[in-house]
Each structure stands twice: as structure tokens, then as C-alpha cells.
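*Asks:* These are the residues of each chain, in order.
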Amino acid sequence: MKEYQIIVLAKQVPDTRNVGKNAMKADGTVNRSVLPAIFNPEDLHALEQAIRIKDQFPGSTITILTMGPVRAAEILREGLYRGADAGILLTDRAFAGSDTLATSYALSCAIRKMEKYDIIICGRQAIDGDTAQVGPQVAEKLGIPQITYAEEIISLTNDKIQVKRRLERGVEVLEASFPILITVNNSAPHCRPRHAKRLMKYKHTTTMSESQEISEDYLTASMGNNQIIMEWGVNDIECDRAQLGLGGSPTKVKKVENIVFQAKESLKLEDNDEDINELMKELITAHIIG
Amino acid sequence: MNNVTVYCELDEGKIADVSFELLTKGRSLANQLNCKLEALLIGHNLKGYEKMLFPYGVDTLFIADDNRLAPYSTLPHTSILVNLFNEEKPQIVLMGATTIGRDLGPRVSSALKSGLTADCTELEIGDHEVTRDKKVYKDLLFQIRPAFGGNIIATIINPDCRPQMATVREGVMKKAIFNPQHKGKVVDLDVSKYVDETAFVVKLIERHVEESKVDIKNSSVIVAGGFGVGSVENFGLLYELAAVIGGEVGASRAAIDAGYVGHERQIGQTGITVRPKLYIACGISGQIQHLAGMLESSIIISINSDPNAPINKIANYVIQGKVETVIPKMIKYYKENTK
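These protein sequence lines map, in sequence, to chains A and B. In this text, residue positions in the first sequence follow our numbering: the first is 1, and each later residue adds one. In this text, residue positions in the second sequence follow our numbering: the first is 1001, and each later residue adds one.
I should point out that these hints are in silico values taken from the structure, not numbers from a laboratory. Heads up, some of the hints might be wrong.
Unchecked claim - Taking lysine-lysine pairs in the PhoX-like style, the calculated list, with each CA pair at most 25 Å apart, reads:
| hint | chain 1 | residue 1 | chain 2 | residue 2 |
| --- | --- | --- | --- | --- |
| 1 | B | 1313 | A | 264 |
| 2 | B | 1277 | B | 1335 |
| 3 | A | 254 | B | 1138 |
| 4 | B | 1185 | B | 1089 |
| 5 | B | 1135 | A | 264 |
| 6 | B | 1174 | A | 264 |
| 7 | B | 1175 | B | 1185 |
| 8 | A | 281 | B | 1335 |
| 9 | A | 252 | B | 1135 |
| 10 | A | 164 | B | 1014 |
| 11 | B | 1135 | B | 1113 |
| 12 | B | 1138 | A | 252 |
| 13 | B | 1322 | B | 1332 |
| 14 | A | 281 | B | 1277 |
| 15 | A | 254 | B | 1135 |
| 16 | A | 281 | B | 1313 |
| 17 | A | 54 | A | 201 |
| 18 | B | 1277 | B | 1313 |
| 19 | B | 1089 | B | 1203 |
| 20 | A | 116 | B | 1203 |
| 21 | B | 1335 | A | 268 |
| 22 | B | 1277 | A | 268 |
| 23 | B | 1051 | B | 1183 |
| 24 | B | 1174 | A | 281 |
| 25 | A | 2 | A | 113 |
| 26 | B | 1134 | A | 254 |
| 27 | B | 1185 | B | 1036 |
| 28 | A | 116 | A | 54 |
| 29 | A | 255 | B | 1322 |
| 30 | B | 1113 | A | 252 |
All chains, full assembly: derive it from the sequences and hints.
*Replies:* Encoded structure:
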């Protein structure tokens, strides 16, 4: 039976869905430190699709690749708990300040180092930027086709994959050969929860930076255990440094503002019959409704 | 050379609304920059389409007509854009933030190593000064978009790379005829020079278009619910009110994440942009990303138990109360007082 080498691209993101008032600083910028960092939701949808392939073709392997700070290893462990086989953390100061293009360049260099792969799968977009650009940009850099907005993998054979994708109005089924990059839509199934045995097995899996931090001067912990989570820096991948990080990003943020909407003179009403009836009467008379 | 180019998207042979909206914006940018407006149309059986596009102020229409180019497919369309842009060197490229534009845009930007800003809500021309280098960039495209889940607004620029690429969602810009008599020229592209045979590797097996059951965009009355609605059952009240007064039901992202209602009803920066006559916001706190999608509604009513909900600031009427108390009263009055 065919075995597939699958790479899941994932991102650790601040949970922008629950930004409270304390998350905004006085100058209008976001205080990232008070927001919980989570596994980007659509990347979890992508992981689920990968695990489903592995369910069907048990010899397949799933490697999660993420770029971010050292703490992003948290989502690699989360992925291991749910069904991934290995994780790679791409972390280096040289990557800081990357826009989508510089990010996709760094990721594509890391993927090239990984030699063989059949399917790269990632979420359509991340909730902190909502750009939906990194997936297609990685595919272009690797020179492979892409299928975006995927909802379901319909079939897999030795050399072909069929994917259903969700459009604004309707659906499409596309067939492609390997390797292929797929971005998974928010309408795809949610990821299965953590598996208890996997949690026990992997909870002490750390990156090299993490194990050094935990054990400080214990020489024994100088290597990340078993290389299940690997840590790569800029020197571990073959790349043109001019295309990385802030310097390699064509887009620059000129300014960031807190939005102030023009406040309207609003009429305050109570939730009693009198106020509501008066409002409804006004709307009907003005032919806004009815 | 160095013009403003709009990629015109075809949906079942029809030019998408968002493309006309972008042509309108593109025309005004081109006027400001004193350059031409170009349009690019890729598909099959495209004779006569120029008549629909020229009134929007298109000076040059590039057409790639081939039966293999419809419906849209990533690699062939990417190849045409990349090759054409390498020849024509547009300074600005605009496309719709649709399933097509968001599939194509990043691919093209990656190939050209140029910056792309997704889902812009405003596009302006301006100068940018880098004080440190004492350098002034003249006439850049300011690409303005909500960021960080819609909690802030960012202005993005591409100082050094061309083209400056941006996508914009449908309904965000307004479409308007520039001049019904405006005439441009048509340039028919030799498709074989722009697309290699190898680009046709992904096969379309099946495609069916479902007419959307919900038409929020064109509804003059919208009853929208947020996380504060509290439950799927309470959302039922919103449907009832919408049915009674003749409107559609919309929702904020928080309500969708909570599972109260499906994605197709999402209003906001990452959903649909609407401009109804009446917008009734029920239990919506008013994150910027939501407000960006409904701000231009003529009348806004906010029903919220929190008197300090941000949405109240932009509402014409604020009813402080629970959704499940207020809505039945509205329904009751309407039923009793209309035929």
C-alpha cells in the first residue's frame, strides 16, 4: 500500500477572536503578551486531513513545520498529541519581521531540506492576519500546483489525489498529481482531540532550546530528545539571507492605528413596550420596513 | 508601462461585480497618477466583452481567450499574469479578494517577488518619507486594511517592489461608470506565448454552482446576531423577525465561531460587506472587523444588554435589553400594525 509523506504547515497565533479591552495599549497597538497563543484553527483542520490520510494509509508520516519564536514548539507538541509523527521548529532572529512573502520563502527553503514529500497541507489562513497568502506563495516557490479552499480529500491513489474545494457559490472537485500543496477551508471538519496515550508519550518532548532552558547546566540535556521535535535556524537551511525577515519583506507597515469610528448621536431606548412600539412605528411610517 | 492593472474575474462567463468596483477605483488611482488603466480578462469566448469594460474607463484591455482557460485554474492564469506583468511592468495590480483572487494573487506575488496586501478596505496614493535615509518615495499605493483579527487598522506600503499588489473584497469599493462613451484598445494575447502546456496539470473533475440560498448583500433589511444572542434557539428569534419584516439574517464572526449559524452569513472584514437600509445588531459587541462590514448601513439599531458595547457608538438607536425580550415585542408590534 502506498505511504504518503505529509508536511503540515502550522502557525502559532495570538487568539485574536477574544481580544478584550486590556489587550489594547494606550497608543492603539495590541499588547500581544496578554493574548493566549494558540494553534491556528484552520491549521488544525489541515492536521485533521493529514491524520485521516494516515488512518487510511498507516505507513504515512506527518511532519508539522512551523516558523516562529521558541515557544511555538507548543503547537508542535499539540500536533504530536493529536497524531503527528514529528515537528520542525524554524526559529531564528533572522526570520523576525517577515511578511507573507519572506515567510513563504523561509518555509520553502526548510521544505527543500526535507527531501521527499507528497502532500503539503495547511490552513487557508491564520486568524492574526487573515491573508491566505502563505500557502499559495510556498507552492509557487516550490514550483508545485496548489488546491486552495479544500474541504475534503475525496480519493487518493498511487499517483493522483482528488480534492473537493468550496467556492463562494458551489463546489469543485480537482484532480492533481504529487507533490501538491493543499490549503484547508474553515468549513472542513474540526481536528480530533488529543489522544491520551500520545499525550503521555510526547509531553516531555522538547526542542533543543527548551531542554537547555529546563536543565540549565545539566550537560545531559544538551540535545533535544529523540529528535522528534527538531529546531532549525538560518544556518540549517540553504537560503539567500536577503530574502528573509524584515529586510526580505517587500511590504512594510507604514502605520498602525486604533480605529475610531465617527460616533453618531444615538437615541437610547428602554426594552419596554412603549419605546419599542414607538421605534417600530417610526420604521414602518418611514417605509424602512413593511 | 507603469500603469494600473485590474484582473477581471469571470464567474460562469459573467464579469464579477468586484472587478467593476476595482476598475472604478483603478480609474481614479490612474487619474491621480496620470497613467493608464488596464484590464486583463482571461477565459473563453470573450468577443464583445470590451463593450462592458470600456465605460469603466479602461484604456487597454488585454484578452487571453482559449477554451482551456475557462473555468479559472491556478497555474495557467498565474502564468499569463506573471509573463504579462514582466513585459508591461504595471505599478499597481488590483484583484478581487475572492476564491479566485486569493488563489491567484499570492501565487503571482510569489513569482514576481512583489508585495501583496490582502483584503484592503481603502486604497490611496501618498508619499512616504524614510527619515533615516532622507529618502522620499513618491506616489506609493497606501493599502489600508484591518489587521490582527480586525482590532487595528494598518497602512501597508511596498516601497521598492513592483507591482504593488492588493486584493479587495466584493462590495467594499463602489462601482460607477466612468464615461459611457469611453473607448480603449483591445490587445489579444497569443495564449501559447504566455502559457506553457505543462501548466494544465490540475484537472477539473466536477464543478457545480449552487445559487446561494442566502442573499445578504442585496437585502435592504438585515437582522444580525452576535455572541451575545447566547444560543441557537435565540437565533431562531432573529430568523423570525427577519421573515416577518422582510430581511435576511447575518452574523458576526463570534456567533459563527460559537456555532450559532453558518459561515455563509458572516458580515465583516472577513465576511460580506453590506449597506442595507436597516441593520439590526442583536447582541453584537462591535469588533472593528465586524463594523467594517456594516458601517455604511443607513439606519443601525443595536440591541444589547451592555450599555457600553462599542457598536452602540455608531448606532442610531440603542435598545438596552436582552435579545429574547426585545425581539418578540418588535415582532408583535409589526404583526399587529401592518397588513
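*Asks:* Would you pick out the hints that fail for this structure and give their numbers low to high?
*Replies:* Those not satisfied are hints 5, 19, 24 and 29.
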